[in-house]
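Visitor: Construct the entire structure; sequences and hints are all you get.
2 protein chains.
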Amino acid sequence: MTAPLTTPLTTPLSPTDRTTVRRGRIRAVEERRALFDLLGEALVCHLGVVVGEGAEAHPVVLPTVCAADAEGPDEGGTLYLHGSVAARSLVAAPDRTICVTVTLLDGIVAARSAFHHSMNYRSAVVIGRPRVVTDEAERARALDLIVDQVVPGRAATLRPHTRKELAATVVLALPLLEASVKIRAGGPGDDAADIEAGTWGGHIPLRLVADAAVPAPECGDGPVPDDIRTLVDRLDGPD
Amino acid sequence: MTAPLTTPLTTPLSPTDRTTVRRGRIRAVEERRALFDLLGEALVCHLGVVVGEGAEAHPVVLPTVCAADAEGPDEGGTLYLHGSVAARSLVAAPDRTICVTVTLLDGIVAARSAFHHSMNYRSAVVIGRPRVVTDEAERARALDLIVDQVVPGRAATLRPHTRKELAATVVLALPLLEASVKIRAGGPGDDAADIEAGTWGGHIPLRLVADAAVPAPECGDGPVPDDIRTLVDRLDGPD
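Residue numbers (numbering that gives the first Met the number 0), protein chains in the order written: chain A, 0 to 238; chain B, 0 to 238.
Treat the hints with care, as some may be off.
[Claimed, not checked] Listed below are the simulated DMTMM-like cross-link pairs for lysine to aspartate or glutamate, each with C-alpha atoms no more than 25 Å apart in a straight line:
no.: 1; chain 1: B; residue 1: Lys163; chain 2: A; residue 2: Asp189
no.: 2; chain 1: B; residue 1: Lys181; chain 2: A; residue 2: Glu55
no.: 3; chain 1: A; residue 1: Lys181; chain 2: A; residue 2: Glu70
no.: 4; chain 1: A; residue 1: Lys181; chain 2: A; residue 2: Glu40
no.: 5; chain 1: A; residue 1: Lys181; chain 2: B; residue 2: Glu55
no.: 6; chain 1: B; residue 1: Lys163; chain 2: A; residue 2: Asp193
no.: 7; chain 1: B; residue 1: Lys181; chain 2: B; residue 2: Glu40
no.: 8; chain 1: A; residue 1: Lys163; chain 2: B; residue 2: Glu195
no.: 9; chain 1: A; residue 1: Lys181; chain 2: B; residue 2: Glu164
no.: 10; chain 1: B; residue 1: Lys181; chain 2: A; residue 2: Asp210
no.: 11; chain 1: A; residue 1: Lys163; chain 2: B; residue 2: Asp190
no.: 12; chain 1: B; residue 1: Lys181; chain 2: B; residue 2: Glu30
no.: 13; chain 1: A; residue 1: Lys163; chain 2: B; residue 2: Asp193
no.: 14; chain 1: A; residue 1: Lys163; chain 2: B; residue 2: Asp189
no.: 15; chain 1: B; residue 1: Lys163; chain 2: A; residue 2: Glu195
no.: 16; chain 1: A; residue 1: Lys181; chain 2: B; residue 2: Asp210
no.: 17; chain 1: B; residue 1: Lys181; chain 2: A; residue 2: Glu164
no.: 18; chain 1: A; residue 1: Lys181; chain 2: A; residue 2: Asp105
no.: 19; chain 1: B; residue 1: Lys181; chain 2: B; residue 2: Asp36
no.: 20; chain 1: B; residue 1: Lys163; chain 2: A; residue 2: Asp190
[As the list claims (entries may be wrong)] Label-pair distances were calculated between CB atoms; the ranges are:
no.: 21; chain 1: B; residue 1: Gly152; chain 2: A; residue 2: Gly51; range: 38 to 44 Å
no.: 22; chain 1: A; residue 1: Val208; chain 2: B; residue 2: Glu30; range: 28 to 34 Å
no.: 23; chain 1: B; residue 1: Glu52; chain 2: A; residue 2: Asp235; range: 47 to 53 Å
Please keep in mind that the hints were generated in silico from the structure rather than gathered at the bench. A quick note: this is a predicted structure, and the numbers were derived from the prediction, not measured. In this text, a Cβ means the ideal position worked out from N, Cα and C, and glycines have one as well.
Guide: Now the structure itself:
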């Protein structure tokens, strides 16, 4: 199940037909580095699993947090996911191929025609069969990576996981081998006739920003930790 | 396939087992009104379909734009999706059950333990079997709704769809009958011992904001249309 640690970051993505970007004016990015950059920025991903059997089988897509580890033990690196042992989507996942998609929304493309309207975005699609992480050290490391994915540096400031917490948590590891990255950026790609007609076209940049941290009531006016302040500052900047 | 127009907005969501919210401290919202409010705010959704057959079958999750119509002809209202006739995920969809998930990210929950870290969000999960929209009037209306979903009011300012554009586009209609809505808000739900230990806990509100519209080069310094200015103003406010 595991593979050498050393899939180079320059290894091409999309080695299989099912993760090949097929169409559109959107740029397919072939470098593994772009995949990790994108995954590193994601506060949420969407996990797609098939639940049920036979005619009852259907996809379920749920938002969750993931964390990529380029040095992880799976071929191409490892994408970690976690959840409650009671979550049927995660419990069903290890026997089946799953899909994890990350989408960072960068803008609205207001074209001169309905047809050419679009969004600017960066997205990654990862397809593979996950393994359940059973090694305790890898489990603890994965859970720390997931906390740090959302608040960088925070895991090191927290008490260790308890046995009870670990027992209640499923950690999955998805190989990052089969993945595709797509990026759309810039203004509309309009038809010449619509441009000549003088209709307005352009794009609206979008970004996610943070407002000031809201301490829990018990924290009063005590100091906000560095990790939280750094995160708020980063998400509040001009870009 | 179609049903009366009049599923009341007070009809409960989650009429089936597969869209019942099963677990967590997250609030399951039962009102149909909440579903439409949430869908109305979404600039992106994630469409999950199963592609392939038998042992090769696997889920694919792709970002796209959807538009809900509470007065649509499907039971519970209609969620419209569109895409290229060349997109295998959309072409595969009508014979199969699909899942559309909308997630609005509202904040980061920084708890006193890794275990209680979370996100604040509002999400909707819709499961059903879509129909391909073939009626030309419904197709045009659906495509207008999709444009207006992203830039309210814009569809009315654009030229009509051409035959070629319509021929290149698949429009799917998904009944909004089977849906669930989940909302998490507020600060962390920490263990008493961790609160007493004095660790900082709180949450960081997040929101999507727009920067000034960037006109296409051919538009020069010409006036930015009202629909675009209104949208930028709305996404640039304090909330």
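Visitor: Does each hint hold? Answer for all of them.
Guide: Here's how the hints hold up against the structure:
1. B:Lys163 with A:Asp189: Judged against 25 Å, a Cα distance of about 15 Å means the pair holds.
2. B:Lys181 with A:Glu55: Answer holds: Lys181 (chain B) to Glu55 (chain A) is near 24 Å, not above 25 Å.
3. A:Lys181 with A:Glu70: holds, 23 Å
4. A:Lys181 with A:Glu40: Roughly 15 Å between the alpha carbons, so the hint for Lys181 (chain A) and Glu40 (chain A) holds.
5. A:Lys181 with B:Glu55: This hinted pair holds, its Cα atoms lying about 24 Å apart.
6. B:Lys163 with A:Asp193: The given pair, whose Cα atoms are some 15 Å apart, holds under the 25 Å limit.
7. B:Lys181 with B:Glu40: At roughly 15 Å apart (the allowed maximum being 25 Å), Glu40 (chain B) and Lys181 (chain B) satisfy the hint.
8. A:Lys163 with B:Glu195: holds, 19 Å
9. A:Lys181 with B:Glu164: Holds - the C-alpha atoms of Glu164 (chain B) and Lys181 (chain A) are around 23 Å apart, at most 25 Å.
10. B:Lys181 with A:Asp210: holds, 23 Å
11. A:Lys163 with B:Asp190: holds, 13 Å
12. B:Lys181 with B:Glu30: holds, 11 Å
13. A:Lys163 with B:Asp193: holds, 15 Å
14. A:Lys163 with B:Asp189: holds, 15 Å
15. B:Lys163 with A:Glu195: Holds, because 19 Å separates the two Cα atoms, which is no more than 25 Å.
16. A:Lys181 with B:Asp210: holds, 23 Å
17. B:Lys181 with A:Glu164: holds, 23 Å
18. A:Lys181 with A:Asp105: Measuring from Cα to Cα gives roughly 13 Å; hence the hint holds.
19. B:Lys181 with B:Asp36: OK: Lys181 (chain B) and Asp36 (chain B) at ~13 Å, within 25 Å.
20. B:Lys163 with A:Asp190: holds, 13 Å
21. B:Gly152 with A:Gly51: 38 to 44 Å: holds, 41 Å
22. A:Val208 with B:Glu30: 28 to 34 Å: The hint (28 to 34 Å, Cβ to Cβ) holds, given that Val208 (chain A) and Glu30 (chain B) are roughly 30 Å apart.
23. B:Glu52 with A:Asp235: 47 to 53 Å: Given range 47 to 53 Å: holds, Cβ gap about 49 Å.
Checked against the numbered hints above, the structure breaks none of them.
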